[in-house]
Amino acid sequence: MLTMNLEGLEMIAVLVVVVVFVKVLEQFGLLEAGYDDSVEDELELSAVRHRPEGLEQLEAQTRFSRKELQILYRGFKNECPSGVVNEETFKDIYAQFFPQGDASTYAHFLFNAFDTDHNGSVSFEDFVMGLSILLRGTVQEKLIWAFNLYDINKDGYITKEEMLDIMKAIYDMMGKCTYPVLKEETPRQHVEVFFQKMDKNKDGVVTIDEFIDCCQNDENIMRSMHLFENVL
Amino acid sequence: MAAGVAAWLPFARAAAIGWMPVANLPMPVAPTEKNKRQDELIVLNVSGRRFQTWRNTLDRYPDTLLGSSEKEFFYNEDTKEYFFDRDPDVFRSVLNFYRTGKLHYPRYECISSYDEELAFFGIVPEIIGDCCYEEYKDRKRENAERLMDDQEDNKDAKLPNMTFRETMWRAFENPHTSTMALVFYYVTGFFIAVSVITNVVETVPCGSVPNMKEVPCGERYTVAFFCMDTACVMIFTVEYLMRLFAAPNRYRFMRSVMSIIDVVAILPYYIGLVMTDNEDVSGAFVTLRVFRVFRIFKFSRHSQGLRILGYTLKSCASELGFLLFSLTMAIIIFATVMFYAEKGSTSSKFTSIPASFWYTIVTMTTLGYGDMVPKTIAGKIFGSICSLSGVLVIALPVPVIVSNFSRIYHQNQRADKRRAQKKARLARIRLSKTGSSSAFLHSKRNGLFNEALELTGSTEDEKRLSKSTSLIESQHHHLLHCLEKTTNHEFVDEQYYQQSYLEAGLQNYPSQSPSLSSQDGVTGTCCTRRSKKQHHTPLPNASAPAHMQPLKHTHTHPQGLQELSTIHIQPLSTSRSSLNMRVEEPAPLNCQSSQITTAIISIPTPPVTTPEGDAHLPAAPTLQNVVKVSAL
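Line order of the protein sequences matches chains B and L.
Mapping of the first sequence onto UniProt numbering: residues 1 to 232, in sequence order.
Mapping of the second sequence onto UniProt numbering: residues 1 to 632, in sequence order.
Chain B with its partners taken away, still in its complex shape (with noise of 0.2 angstroms):
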């Protein structure tokens, strides 16, 4: 019995003795322990550089004059040196506007209206068209562009729910401390308000004709359209 016991032991000296010496050759590299190093990622350190179009071009397919494309390059330049502005940059930008609330649904959609190519970053053509549409295009088309912004999925029609969504992330820009109160149901109301008042045919969808006929017969909308002009 004693001498099971003993032999028991010494063999386990003996495991614990091979154990160590084994870690201490790993240690001295002479043995691999077999794990594979990740790849770092190469992709990395080519970061996305891009350069726009030339003065003219950009001139000629904007409403701009080239002075005043001068200025919005420089401070487009200035804030995104790599030349494009990805989704992440674009909600801290825009949130810095709203600091009462959440501005990082709505600038998810207005990034989406404004890559217009749908490649995940805003380059500075993407940028400088979306601009002259809003500030120098006719009521058209911004009533278009709105139109798009609205059409989540760009199938061409607004859904209840597309509409509640984008009223929602309007909402939220707001934050809490509003008067009066937000409640929960108001985005919703203010959307039934919105399809009673554009749903001309009552089939639950606001194509962009009916859109845009009724937007033109808004005093208020049309009015509104013309607001921003001057800036820039």
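A few of these clues could be false.
Computed cross-link-like contacts, DSSO-like style, restricted to lysine-lysine with a CA-CA straight-line distance of at most 30 angstroms [what the hints assert, rightly or not]: (1) 77/B x 433/L; (2) 183/B x 200/B; (3) 102/L x 67/B; (4) 137/L x 417/L; (5) 314/L x 422/L; (6) 91/B x 422/L; (7) 176/B x 423/L; (8) 23/B x 380/L; (9) 91/B x 67/B; (10) 349/L x 375/L; (11) 433/L x 183/B; (12) 71/L x 67/B; (13) 23/B x 375/L.
Derived from the structure by calculation, the hints contain no laboratory data.
For this one, chain B is given, so just place chain L on it according to the hints.
What follows is chain L alone, placed relative to chain B:
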């Protein structure tokens, strides 16, 4: 607002077109840029080095020297440039702040010259970017400490009107202040040393009386030692009482470590005095004598090093604790193994696991007394592993602990600093956020005044108010205003929100409208749904105080209450006419979509009947006095 963000303001405003089709209310008028100039380069000549930048870049921060009209004082007509007679190297950082929105602190720069430059250009140092903020604060603190040290050396000149008590306390704390203090310091030090030596010598065996065994000196010269002890204790007691008397905050002094040591040092003597006649507890009395050794800790008042050591031990307590814990684990493991390994051998000293603890500790610390040795092979193998690991476990952390002391000490300081700075930084961010939102709320009230004045056509006051906000700010506020109109809700500040949230329950009573509601019936028939329309009643009478606010905000502005009283008393024609003027706003009441609201006006409990002067009404009207007045 950050510099870069200001550049994006046109984009944000353009994007606001997205809200227009959704909004049901008319949008407010956009602020016009009165003198819109083409962007031009301006030259800043700083001690001969010329810097050039766009004018717009400098205009981003209108509350600094370069961003405001203050720089016109430095305009040089002949050379058509702005000349500053300051350090051009520091000016680089200042100008970069305008360009990038981040203020950096160059490490090679002297902290006080940097501060001076910042103060000259009107830039608050708190906006230094995170990358350089820590360095800046560290240097500033060092500088402040150095100045404080210099000041303290001067301060030690005796101030004329200190009370005796304060003089004594200062003498105790800083022995170099006067000769008496120094004498006292050395005397106490001497007596501490004497007392400690006495305690030690007491136990040495002195020469022996021939027929008895060796006795320690203490028992041979009892009287002498007793007198010595008494003298020392008397000195210590007197010292303690004097300190207690002189302490500015006695309770805090009594709780401090040094005073506890003092008490513990002298207490055994007194207890001994009390208990001498009772022989039963003399054993305990002997034990108490052990505590006399604490007198040696009194030296820490005399030695700075001891104090630092004590402090660092205290601050590294967690590290030491962990070390102790891992040691204990190792000891238990090895003791168990050794016990079971040696269980078989005959006449083994390893009688139990706790008995093996002694072997493990002795082996791990490489002491190796040899009173317990393993005899079996397994025991020897494990014993050797034990001693090898002991070398690692004991010898390795000692230098690590030493370096840990300094590292952890500084790290603790830095972590606390960073936490404090983080709190300060978050507070700054929050402050700037609330600052911008409260700026908006503030300008909203002023903006209403503007609109009212536009209606009445007085232009000087408008100029006076509009120059208080820069163009960028007014454009930003216009943007927020458009959002308000789109969603038909207003931005309010925190306390107003709380109040209105509470009274949301009270909102449903329609009937309590006092005499103001004479125009009740005009639109009551039109809109049947729960409807809200913002209605502000600015009073066009010029005698009202310069800051008019819509009556909703009365709970924070006592002047608002005064306006209420003027509505109350003056012939309602004035208010009616103004109300009518507002009605003529170009918004047709489209009953489906427009919404009419009632302005909540707070009335203080005694309705004020004096229309003139600043009636200082109770500042916080209670909720019961909230009354609904249907406007229009």
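* Holds or violated: are the alpha carbons of residue 314/L and residue 422/L at most 30 angstroms from each other? -> OK: residue 314/L and residue 422/L at ~26 angstroms, within 30 angstroms.
* Asked: Does the structure keep residue 77/B and residue 433/L at a Cα separation of 30 angstroms or less?
  -> 25 angstroms, holds
* **Restraint check for residue 183/B with residue 200/B, where alpha carbons must lie at most 30 angstroms apart** => Holds, at about 28 angstroms.
* To do: Below or equal to 30 angstroms on CA atoms is what counts here, so check residue 71/L against residue 67/B.
  => 27 angstroms, holds
* Take a quick look at whether residue 349/L and residue 375/L sit within 30 angstroms of each other, Cα to Cα. => 10 angstroms, holds
* Quick one, are residue 91/B and residue 67/B close enough, alpha carbons at most 30 angstroms? -> This hinted pair holds, its Cα atoms lying about 27 angstroms apart.
* Please work out if residue 176/B and residue 423/L have their alpha carbons no farther apart than 30 angstroms. => OK: residue 176/B and residue 423/L at ~23 angstroms, within 30 angstroms.
* Hey, residue 433/L versus residue 183/B, does the alpha-carbon distance stay inside 30 angstroms? -> 24 angstroms, holds
* 30 angstroms limit on alpha-carbon distance, applied to hinted pair residue 102/L and residue 67/B -> Since the Cα atoms of residue 102/L and residue 67/B sit roughly 27 angstroms apart, the hinted pair holds (cutoff 30 angstroms).
* Could you grab the alpha-carbon distance between residue 137/L and residue 417/L and see if it respects the 30 angstroms cut-off? => The given pair, whose Cα atoms are some 9 angstroms apart, holds under the 30 angstroms limit.
* **Given hint residue 375/L paired with residue 23/B - CA-CA distance at most 30 angstroms** => Given pair residue 23/B, residue 375/L holds - Cα atoms ~29 angstroms apart, limit 30 angstroms.
* Hinted pair residue 23/B and residue 380/L, Cα distance within 30 angstroms -> Holds. Residue 23/B to residue 380/L sits at ~22 angstroms (cutoff 30 angstroms).
Consistency with the previously given hints is maintained throughout, with no hint failing.
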